[in-house]
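J.: As a plain string of letters, each chain reads:
Protein chains: 2
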Amino acid sequence: MKLQLLLTGNELMAGDTIDSNSAMIAELITNYGWRIDRKTTVGDDLPLLENQIRDLASDSDVLIINGGLGPTVDDMTSLALANATGNVITEHPDALTHLTQWCEQRGFRLNAANLKQTMLPKGCSIIANARGSAVGIKLKIGSCLVLATPGVPSELRTMMRDEIIPLLDAQFASDYIQTQRLAVFGLGESSIQEKVNTRYPDWPDDVELGFRASMPVLEVKLTTRGQNAGEKINEWRGKIIELIDDHLLGDMPLSLAQAVIAAAKAKNLSIGTAESCTGGRIAAELTGVAGSSTVFPGGIVSYSNAIKQQLLAVSESSLASDGAVSEVVVRQMAQGALLALGSDLVVAVTGIAGPDGGSEDKPVGTVWIAWGSQDDLRVKKFFLPVDRSLFQTLVTALGLDLLRRHILDIPGLPELMTRRKA
Amino acid sequence: MKLQLLLTGNELMAGDTIDSNSAMIAELITNYGWRIDRKTTVGDDLPLLENQIRDLASDSDVLIINGGLGPTVDDMTSLALANATGNVITEHPDALTHLTQWCEQRGFRLNAANLKQTMLPKGCSIIANARGSAVGIKLKIGSCLVLATPGVPSELRTMMRDEIIPLLDAQFASDYIQTQRLAVFGLGESSIQEKVNTRYPDWPDDVELGFRASMPVLEVKLTTRGQNAGEKINEWRGKIIELIDDHLLGDMPLSLAQAVIAAAKAKNLSIGTAESCTGGRIAAELTGVAGSSTVFPGGIVSYSNAIKQQLLAVSESSLASDGAVSEVVVRQMAQGALLALGSDLVVAVTGIAGPDGGSEDKPVGTVWIAWGSQDDLRVKKFFLPVDRSLFQTLVTALGLDLLRRHILDIPGLPELMTRRKA
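Chains E and P are the protein sequences, given in the same order. Quick note: the first sequence, position 152, residue 151 per numbering that gives the first Met the number 0, numbers continuous. Quick note: the second sequence, position 386, residue 385 per numbering that gives the first Met the number 0, numbers continuous.
Think of the hints as simulated: they come from the structure by calculation, not from any bench. Be aware that one or more of the hints could be misleading.
Intra- or inter-copy, both count: the list cannot distinguish identical chains.
[What the hints assert, rightly or not] Computed cross-link-like contacts, BS3-like style, restricted to lysine-lysine with a CA-CA straight-line distance of at most 27 Å: (1) Lys137 / Lys121; (2) Lys220 / Lys115; (3) Lys238 / Lys115; (4) Lys194 / Lys115; (5) Lys266 / Lys139; (6) Lys220 / Lys1; (7) Lys1 / Lys137.
Please model the entire structure based on the sequences and the hints provided.
T.: Listed below in C-alpha cells is the structure:
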C-alpha cells in the first residue's frame, strides 16, 4: 500500500501551530507495519489544495488528509475535495444528524458556523467522529482511497483508531513488524550511539536503531520486520539495555514520574516535595500520574524566603549567612518537608532559574538538590546553564531521577551530569 | 522568492517525534513577509532523500533542509547533499574547528560519533551553530540556494535568526506585511467566527483572520499585506477586540500566568495557591514567569486529606460530612492558604481528575474552585468531563483566569463555562 499524508492549514505554513497530528497518524500507521512515504503540507489556498489532492491521489493507494474540516472560513478541505472530484458540496444528512446529536449531548446550542460542517462533497460518505462536531470524509479519486480527518488531536486520534485503521486493515495486508521502545533518562544520543559502535560494530542492518530526544526522556527505538522479527528484536533489546544500564526507565510510554511512582508503590514508600526554583513542577509531574495519591501526600512550593521559614522551618540565620541557594538551606527544606508532610521520602530543590538573580559565585543555572529519607538524605549541587524554562524542566527531571535511583538503590548519577570533565 | 522546506528523519515519518521545527522556521519566514509554498517530509532513506533534494531544488529559489546533521547513523543529510551534487563528503576544516572549540567550552570530551559531524560535501561552506555541535551546510544546486539546518530546536532557532534570515534578507526583498496576534481565553473559535459573521458580514478579504487553538489559550491572528497595511490592521484589530471583549488576555506571546502576574504586579497584590486536583500546576505556571517572585510567595499542594488538615486547617468533620470535593472544603482550603502563605489573593482547587474516584453525585470532572481575597472570596463548582491530563490543564487555566478577572474587576465567567444550556 502506498500511503501519503496531506496536511492543510495556514497556521501550519505560518508556524502558528506545531503539527502534532501527523506524528500521531504516523505512529498508528507504523505500528500496523505500514509506512507513510511522504508528508506534504500546504496552506488554506483552495487552488493549491485542489492540485495537491489531485497530484497525491494519482500517486497513492491511500491519501489521508488532515485539517480544514472546522467551522471557520479558513477550513476548505470539503470544498477542495468537491472541486478535485468535479462535484459540488451539499448538506449531508448523516453529517447534520451527527452534529445535531453532538450538540444535544453536550447541551450546546448549534450555531451557524457549526452548520458549515455539514456541507460535504456530493456522493461522499462520512467517517464517524465520536469526540467532535466535524465528521470525516471518505471518497475515491480514481483508484485512490481519500480520507479527510479533523484537525483537533483528540478527535483525530479516536477517528484513526476506531474508524480508519480498521478500514485500512480490512483492505490492505500489513507487514509483520516488531518494535521496542525504551525510555531512557540521563544518557545522550551520541553516548548511546558511541557505546553501540564500540561494542557492536557488527550491529545488523535489519535491526533499525532510532532515537527520539523528547526532553527530558530519550526514547530508544528498535524496529525489525519479516520472519523471526520477534526473536531478533528481543536479542538486540537485551544488548542495548545492557549498554543503557541504570539509565533505563522502562518501556515507553513511560515518564520519569511514572517510573518514580511505580518504584515507590512497589516498596510502599510515600514522597513529599519542597520546591523553590521548580515552583511546583515536581509535584505536578507526580500528580499527573493516575493513582499517585497512594504515594504523594502533597508538597510545599516555598518560592519566597518567608515561606521557607514559616512552612519548612528554614532558619533565618542560614538564609542570611549562606543564602537561599545553599547546601544548608536545601537540607533544612528537605528536613522541614519530611516533618510537615510526614512522607518517607522527600526531594527538595533551590536554585537560580534566571534570567535575573545570578551572581559571581552563584551564577544563573546553579541548583542545590536534597533527596532521600530522614536517615539517608543526600545533598548535591548541580550547574545547568540553560534558559529558565529548560532549567525548570531539567531540574524537575533530575530531581525525579535522583528519587528513582534512591528508591531502587542505584548508586551514581545520570551520565549527563558526570560527562563534564573534572 | 520561492521557498520550500524539506524535513528529514525516520522519527518524523514513524511519529516518534512531533515536528516543532518547521513551525519555528515558518514563523520566522512569515514574519519577514516571505512564505513557504510547501513542506515535504521524508524518512532517513538515502535515495529518497537525494531525489527529494534534486526535485525540490529544481523547483525553488531557496530550499531549507532540517534534520539529519546529527552524530548518529540515521543522520544522512550531508551524504545525501553530496550525492545530489555529485560530490563526496570530506572532513571540513571549519566544522572540525567549530566542534573542537564547542567541546572545549563545555568541558566535553570529543567523542567519535561527534566527529562524523565534520564530514561535509566537498566545496560547501558551513553555517555557524552558536548552540550546538552540528554546523549548518550551505551550497548551490543549479540556481537554488540550499541551506541544511540542525534538528535540535534551540540550535535551529539561533541559526535561523542569526545566520539564515540575514542571509535571505540580503538576497531577497520581502513584502510589506503586518500581523497582529491576540491571546484569548474562554471563547471558542466557532463563537468568535459567528460573532464576526453576524457583526461584520463585510469582513474584508485582505484582512486574513486565523485561529490557533493551543490549549488553553486561543490565538486570534490578523494579517494584512501591501500599502496601508498598518492602518487597516489596526482598524480591524479594534473591531475584533470589541467582539472578544473581556476574554482578551493581550498580545501574543502571552500566557494566562503572564497575564495574571502582570495584573497582580500593577495592583501590587500577592497570590498564593492551594491545590489538590491540579497538584502544583497553578504554582508551576505562575513560577514559569520570570520575575514572578514579587507576586508569588508560594503554594501548598494538599493532595491528601491529611495535608489538607495539617497545612490548610481544613476541618476533619467537613471532610467527613461533605467530602474533599465540596464547597465547604474548598473554602477552608482558600482561607487556610491565605493564613499560611500571607498572600493578598488565593486560588484553591479540589476536584476529581479521574480516571478513578468518581461517584454518582460527584462524577469524574467535578471541581470546586475558590478564588479572591479574605474579604471577597468567591466559590463555584464546575464540571469538565474530559481525560485526566486535559482536566488538570483546563482547571489550571480556569483558576488562573478567575484570578485575572478578579484582579481586573471583570464580572462574569469565561463564555466556555456558560455556553452550556441551563
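J.: All hints are to be evaluated individually against the structure, with a verdict given for each.
T.: Evaluation of the provided hints:
Proximity of lysine 137 to lysine 121 under the C-alpha cut-off of 27 Å is restricted to the intra-copy arrangement: shortest distance 11 Å within a copy versus 49 Å between copies. Taking identical chains as interchangeable, the C-alpha atoms of lysine 220 and lysine 115 lie at most 27 Å apart only when they sit on different chains, with a minimum of 21 Å there against 43 Å within one chain. When the C-alpha separation of lysine 238 and lysine 115 is checked against a cutoff of 27 Å, the pair qualifies only between copies, where the shortest distance is 24 Å, while the shortest distance within a copy is 55 Å. Within a single copy, lysine 194 and lysine 115 get their C-alpha atoms only as close as 56 Å, which misses the 27 Å cut-off; across copies the closest is 15 Å, which meets it.
For a Cα distance limit of 27 Å, the shortest separation of lysine 266 from lysine 139 qualifies neither inside one copy, at 57 Å, nor across copies, at 61 Å. For the homomeric pair lysine 220 and lysine 1, the shortest alpha-carbon distance inside one copy (24 Å) is at most 27 Å, but the shortest distance between copies (37 Å) is not. In this homomeric assembly, lysine 1 and lysine 137 come within 27 Å of each other (Cα to Cα) only inside a single copy, at 17 Å, whereas the closest approach across copies is 33 Å.
Violated hints amount to a single one, hint 5; each of the other numbered hints is respected by the structure.
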